[in-house]
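Kindly produce the complete structure, drawing on both the sequences and the hints.
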Amino acid sequence: MTAPEDISVRNREAQEAVDRASTYEWGFSSDIEQEFAPKGLNEDTARFISAKKKEPQWMLDWRLKAFRKWKELQAPNWAKLNIAPIDYQDAFYYAEPKQKPTIASLDELDPEIRRTYEKLGIPIEEQKVLAGVEGARKVAVDAVFDSVSVATTFREELKRAGVIFLSISEAVREHPELVRKWLGKVVPIHDNYFATLNSAVFSDGTFVYIPEGVRCPMELSTYFRINAANTGQFERTLIIAEKGSYVSYLEGCTAPMRDENQLHAAVVELVALDDAEIKYSTVQNWYPGDAEGKGGIYNFVTKRALCQGKNSKVSWTQVETGSAVTWKYPSCVLAGENSVGEFYSVALTNNRQQADTGTKMIHLGKGSRSTIVSKGISAGRSDNTYRGLVRVGPTAENVRNYTQCDSLLLGDQCGAHTVPYIEVRNPTAQIEHEATTSKISDDQLFYAMSRGLSQEDAVALIVNGFAREVLQQLPMEFAVEAQKLLGISLEGSVG
Amino acid sequence: MSLLELPSARDENWRWSDLSALPAILDRQPSGTVPEALPWIECTREGPRLLFVDGKLAAERSNLGTVEIGMVDADPADHALAKQIGREGWRLRLAQDHAPQGLVQIIHVSTGAADHLPAQIELDVDAQASVVETYVGEGWINRLAQIRLFKGARLMLSRRLLGAGGYVSITDRASVGEGASLTVTTLAAGGGDTRLDGRIVLAGLGAFAEAGGALLGRTKQRHDANLVIRHEQPSGMSRQVWRSVADQQATCSVAARVEVARGAQKTDGVQSLKGLLLARTASINAKPELEIFADDVKCAHGATVGELDRNALFYLASRGVPQPEAQALLTQAFVTDAIERIGEEAVREAFHANAVTWLGAA
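Order-wise, the sequence lines are chains D and X.
Residue numbering for the first sequence follows the working numbering, starting at 5 and increasing by one per position.
Residue numbering for the second sequence follows the working numbering, starting at 922 and increasing by one per position.
Covered by chain X, according to a simulated footprint, are these stretches of chain D (three or more residues, beta-carbon under 8 Å):
1) 406 to 417
2) 423 to 431
3) 441 to 453
FYI, nobody ran anything at the bench for these hints, they're computed from the structure.
This one's a predicted model, so the numbers in the text were calculated from it and none came from an experiment.
C-beta atoms are modelled at their ideal positions from N, C-alpha and C, and glycine is treated no differently.
In structure tokens:
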């Protein structure tokens, strides 16, 4: 066993690792000419964005309706979050790189933006394909830079499969019937404060439509980056999987280091019809603020899936390492018979980060099943909360739910909280919930180090083991990135 | 008198409560009729017996012993129901190393209206007491208990709610000192609605608290327990074991939280919340919550909701046990988990008998 002085040494090393991790590798900003909407938020902001996007009248009406509703709403305060009041008038709601690109590949992109993506280290697969590497795995990429989608790749190939993969503003123009049918169907405009705000001023995002029986031939991917100062990013993602289709969608997020808090309020809506499956993976690495909690992104996201069809399935996987404040509950409305919802989450908080995240599984369909695996890791002076709801409606027979939430605390200045709600209205349901809280045990550490691992490697190994159930749900490219992210933040962080 | 403001379901701590019956009860007049036979528990060591009818001591049928009537120092202003409660109530205060002669029994009878009564239990170093409270009648019985246990003190507090109807609300504020032990067990096996609030602070090193019970509901009953155990010092241990059974249109809700303050290392907290649904119109809600600010702790919770285990039913059927009997047996076993912690045998058996009676009345 370890002597007390070892622990103090380890605490120091942990602190050093935390300090290292607090230098944010993706914290550069790019000098690109930007065009902004006038600062502040009023009906004209919505009109400006709508006009910029050359949107049809119905879309503008929808935005205005949402804005009027938003003015009546109050910001929610039930989460375990301590947020300074947000001045919604002191932000730009629209920023667009000035040379509006009309391009098909990243090659033609503004070199500055291109370099930004290279610095992000993200479109590696894409670059491989462009360079003609044989056998490279194809990933179609949509990149959203501040408010505008700048490049959507592989469009032609996807088109041949019948898949529509567009920025949402293009989709509004090119496929208005689809957008109109589904937009706001899963997350209605009056849903909650941040979703309503998003409905009024959403600037861009991704639209995916997978036709009946089609297995999307490649992974679809979107990278979001907030670049301009004082900009809020409000993207809107809508994915529709028709009967018997399958799609795997990846999402990554970064932002430059800034002293002020930036706002990110996205809405993601997924619809899965009969026998369709959507796999939605997120690696969220927005700027978390510095060690003293200055700056960082406020991440207020509403993500919800409607499993409308029989045997439909939606699987959410998220790795949350960034953002000063995370308020995010990817949910599934399991309306279809035998539909399946899954939620796999790793949330890591460090320094003064605050995360309040979890899921809702609303069981309405007979035989619907859900699995929730949540792994929270807290370090520094951060707070990490799992908040989840499992609800079984009176007509939902034979529902199964399994929930497991585990928390790992690194250091004695952080907090780990679990707030699960279970509401059951049908006796045939089988609901199980388990939670544990622990720290890295001395025995585990001693064992790993006796095998020749350095302390940092040993901790990284144990943490990766702790999060393994979730990480193995990620597609390959993301799994690598996610492990790297966890490693950077956690090497040596033993409490 | 009327309640000016009742919290609504929009209020997080009251989201599963239904207080809509209370204003009507407040306007009712008590009938004053007390039943002849009261559910006193016969035990070998008889102790003080107190009978409160509509919140007033029925002296002729009581034997105060070490319990006194007097002012209770409590400030429940932050609680929507407890703030209705006045200052005069019953007090059990024991000096160092003292234990009252036998079991303290208190029966609260409501004859139809609302009554409010505080209580104070203060046990000095190494003192011990065992208290049983029984609630009968059909008005609104509103209670507040202020509990303080000094070093090494031990209190076992058992409550059973047997009223045919009406509403019982009990608010506990407890502080448990170093090495002291508090066990609160509640059995709701009547026909009324219930709201239980508890806040137990483990204020001393190595303190122990156990709070739990069984909530049995049928017709349109609503039982709602809302409990917080807060670990403020290292090496504390807490257990929360709740069993809910909901039949017909009943709703049983349990929100239980373990809080571990910064520095309360070596805390060991366990929650076990289980719900059993006997009808498709019944509801079970559970919220096992952990709030942890220390890293060297062992906290776990488990929650399950479902119907009786089909394998167990099949097993009993294969042994020739008729189905209603098999269901009753398994339901009893399920409930027993939560009341078997009661230390006094006579009390445990009485509670068990009450649970069996309730289960058999379907």
